[in-house]
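Colleague: Sequence:
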Amino acid sequence: MMRLKRKLPVSDFDDLHEDDTAQLSGKILKRMVVLLKPHWKTVIGFLIAIILVSAIDAIFTYISKEIIDLGIDARDKVALTRILTIYGGFIIVQAIGAFFFIYLVGLLGERIRYDLRKQLFNHLQQLSLSYFSKTPLGWIMSRVTSDTERMAELMTWGLLDSTWAVVNILTASYFMFIINAKLAWIVLLSLPVMIVVAFKFRKRILHHYRLSRKENSRMTASMNENITGVRVVKALKREKKNLADFKVLSTSMYNASFRAAFLSALFLPVVQTISAISLGIVLWRGGLQVQTGGITVGGIQAFIGYIMFILWPIQDLARVYAEMQNAIASAERIFSLIDTEPVIKNRHNTLEIDSLAGDIEFDHVSFHYEKDDPVIQDLTFTVQRGQTVALVGPTGGGKTTIVNLLCRFYEPTEGTIRIAGNDYMRYQLKDIQSRIGVVLQTPHLFSGTIRENIRYGKLSASDDEIEASAKLAGAHDFITKFDKGYDQDVGEGGNLLSVGQKQLISIARAILAKPEVFVMDEATSSVDTLTEALIQKGMDQLMQGRTSFVIAHRLSTIKRADVIMVIKDGQIAEMGNHEALMRQKGHYYRLYTQQFRQELESQLDPFTGLQEGTAAAS
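If you're matching positions, the sequence shown starts at 1078 in our numbering and goes up one per residue.
I should point out that these hints are in silico values taken from the structure, not numbers from a laboratory. Since this is a predicted model, take the numbers as computed values, not measurements. Treat the hints with care, as some may be off.
Derived DSS-like pairs: lysine-lysine, alpha-carbon spacing no greater than 30 angstroms straight-line [as the list claims (entries may be wrong)]:
id, residue 1, residue 2
1, LYS1507, LYS1535
2, LYS1195, LYS1291
3, LYS1558, LYS1535
4, LYS1118, LYS1104
5, LYS1277, LYS1291
6, LYS1448, LYS1211
7, LYS1107, LYS1118
8, LYS1211, LYS1645
9, LYS1211, LYS1422
10, LYS1422, LYS1535
11, LYS1591, LYS1507
12, LYS1591, LYS1561
13, LYS1591, LYS1636
14, LYS1114, LYS1104
15, LYS1422, LYS1591
16, LYS1114, LYS1211
17, LYS1104, LYS1211
18, LYS1118, LYS1211
19, LYS1548, LYS1561
20, LYS1535, LYS1195
21, LYS1448, LYS1277
22, LYS1291, LYS1317
23, LYS1645, LYS1662
24, LYS1291, LYS1318
25, LYS1558, LYS1548
26, LYS1211, LYS1317
27, LYS1507, LYS1558
28, LYS1277, LYS1211
29, LYS1548, LYS1591
30, LYS1535, LYS1548
31, LYS1211, LYS1314
32, LYS1107, LYS1277
Just the calculated beta-carbon pair ranges, DEER-fashion [claimed, not checked]:
id, residue 1, residue 2, range
33, ARG1424, VAL1347, 31 to 37 angstroms
34, GLN1203, ILE1354, 53 to 59 angstroms
35, THR1493, LYS1104, 37 to 43 angstroms
Think of the CB as a built atom: it goes at the ideal place given N, C-alpha and C, for glycine as much as any other residue.
Using the sequences and the hints given, assemble the complete structure.
Modeller: Put into structure tokens, the structure is as follows:
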């Protein structure tokens, strides 16, 4: 008898409630069937092959009955040779069928994994920035990687095991009724009992599996934070405290997993006990019928074989059913991500534009990340085309939020933002974001070379264009000092470079994109004064004719801005150029003179000045 067992893996997280799980599971299964439609030819081929192989298993058992009754008991060598020849022919057919269904189930699994991960990745690109701000990275990665794996397992090997079991039960039942109907009914009457047991265990097993996944997700998120923030952990000597916190999370996950494993382990022995009782009754009644001639020796031997054909598949179905609850929960997670709608998306009847050139107007704009906690309140101002606007003020005042709204990473809670005279919500997202160049305070580089990271700003750029952008950003000199120059690897997230070097490369990347609107959010906060002067020289050329927004704590970098806005508590406290604001002797005057005093003290006392200068830059 050919039998396959493929244990579905245990999921690691779930965030869904348990109410109405039967109805929810039914909906999930229907959506999974839809995913199989593009591969219906592979599914049909796989099902034909598995049905053929399973049916031949049942035929083998019947052939063994004929060998005993017609060949061995009757001592008929001709009949025995004929039957064995047929047996050999079926072996060849089954071997071919086994190859095809194993090949096709593997092919189907890989196609499903590819489709799911592609769909999830594409969908993640469409989600708004707020989704990633609120959702842990480990949580997202778990859905894209491990959950797709489990779902593919469910849709391939779970389907295989289920089909195999059903075909075995049907074919075995057919041959049992041919051999002896009374004994067949004894076996079939045990099936409802097993079904009742399966449903009793179902809810409890699923409950503990979900607890296990939820705890494992928390543990994964904690592990991800500790790995990505390992420098801070070591610098602050948080290893013991983090280990203690992680131990609490892992213990909770262990307890939930243990209870789930215990119930799963208890389930099979209960089914086996019911199966053993059925088998004992059949052996007793069958033995009596052999003595009276009601069944042959070969028939009772084949009948016992068919009993195993039914009882083992039922146990397999019970095992797969319990494990499928776990895999279905992974499918729930995947579909919940797919069903997540982006907060920021294109409106109907959007305008097609060739340029964003024009004035930028904030008209009574308010915004809050959390309800009743406004970050920007009734903000109104107009930036003329080609102007350079500097945003200064205390940390948390709303400067970065303003540029996030401008880039349409978020949208105003109230009010309107107009670009070139139109509400910018009438523009397509790609038309806005592809024409705004952003350099962040915390730059991000992708794994690869310096050249590849700069070219990310314009994929069709030539090497000469890349070098020109690097020179303009002040990055060319340090790049050429590397052994491989522009082909130097930057490491994971750019960790092989200093923060200042990463900022210079990110500026070069933005320059290469040639944006119509330029945004620099503390982009020179980690470079020295000389490098900052070089960048400023290049930025003056870049900003010429372009509308630019600059956020900086170093006030020397924004002195030459056309307009300086002092942002405090989400509102404009002061607005004007450097000279006008200095004459007012208000917020800007105090910020500037305080920083000037710190720079003067640093020149008088280099040791103290180093500490104070660093604090000022932060």
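Colleague: Would you mind marking each hint as holding or not holding in the structure?
Modeller: Hint check results:
| no. | hint | result |
| --- | --- | --- |
| 1 | LYS1507 <-> LYS1535 | holds (15 angstroms) |
| 2 | LYS1195 <-> LYS1291 | holds (25 angstroms) |
| 3 | LYS1558 <-> LYS1535 | holds (24 angstroms) |
| 4 | LYS1118 <-> LYS1104 | holds (24 angstroms) |
| 5 | LYS1277 <-> LYS1291 | holds (23 angstroms) |
| 6 | LYS1448 <-> LYS1211 | holds (15 angstroms) |
| 7 | LYS1107 <-> LYS1118 | holds (18 angstroms) |
| 8 | LYS1211 <-> LYS1645 | holds (25 angstroms) |
| 9 | LYS1211 <-> LYS1422 | holds (18 angstroms) |
| 10 | LYS1422 <-> LYS1535 | holds (24 angstroms) |
| 11 | LYS1591 <-> LYS1507 | holds (15 angstroms) |
| 12 | LYS1591 <-> LYS1561 | holds (26 angstroms) |
| 13 | LYS1591 <-> LYS1636 | holds (24 angstroms) |
| 14 | LYS1114 <-> LYS1104 | holds (16 angstroms) |
| 15 | LYS1422 <-> LYS1591 | holds (24 angstroms) |
| 16 | LYS1114 <-> LYS1211 | violated (34 angstroms) |
| 17 | LYS1104 <-> LYS1211 | holds (27 angstroms) |
| 18 | LYS1118 <-> LYS1211 | violated (41 angstroms) |
| 19 | LYS1548 <-> LYS1561 | holds (17 angstroms) |
| 20 | LYS1535 <-> LYS1195 | holds (24 angstroms) |
| 21 | LYS1448 <-> LYS1277 | violated (44 angstroms) |
| 22 | LYS1291 <-> LYS1317 | holds (24 angstroms) |
| 23 | LYS1645 <-> LYS1662 | holds (16 angstroms) |
| 24 | LYS1291 <-> LYS1318 | holds (22 angstroms) |
| 25 | LYS1558 <-> LYS1548 | holds (14 angstroms) |
| 26 | LYS1211 <-> LYS1317 | holds (27 angstroms) |
| 27 | LYS1507 <-> LYS1558 | violated (37 angstroms) |
| 28 | LYS1277 <-> LYS1211 | violated (38 angstroms) |
| 29 | LYS1548 <-> LYS1591 | holds (15 angstroms) |
| 30 | LYS1535 <-> LYS1548 | holds (16 angstroms) |
| 31 | LYS1211 <-> LYS1314 | holds (27 angstroms) |
| 32 | LYS1107 <-> LYS1277 | holds (24 angstroms) |
| 33 | ARG1424 <-> VAL1347: 31 to 37 angstroms | violated (58 angstroms) |
| 34 | GLN1203 <-> ILE1354: 53 to 59 angstroms | holds (57 angstroms) |
| 35 | THR1493 <-> LYS1104: 37 to 43 angstroms | holds (40 angstroms) |
The structure fails to meet hints 16, 18, 21, 27, 28, 33 from the earlier list, while all remaining hints are met.
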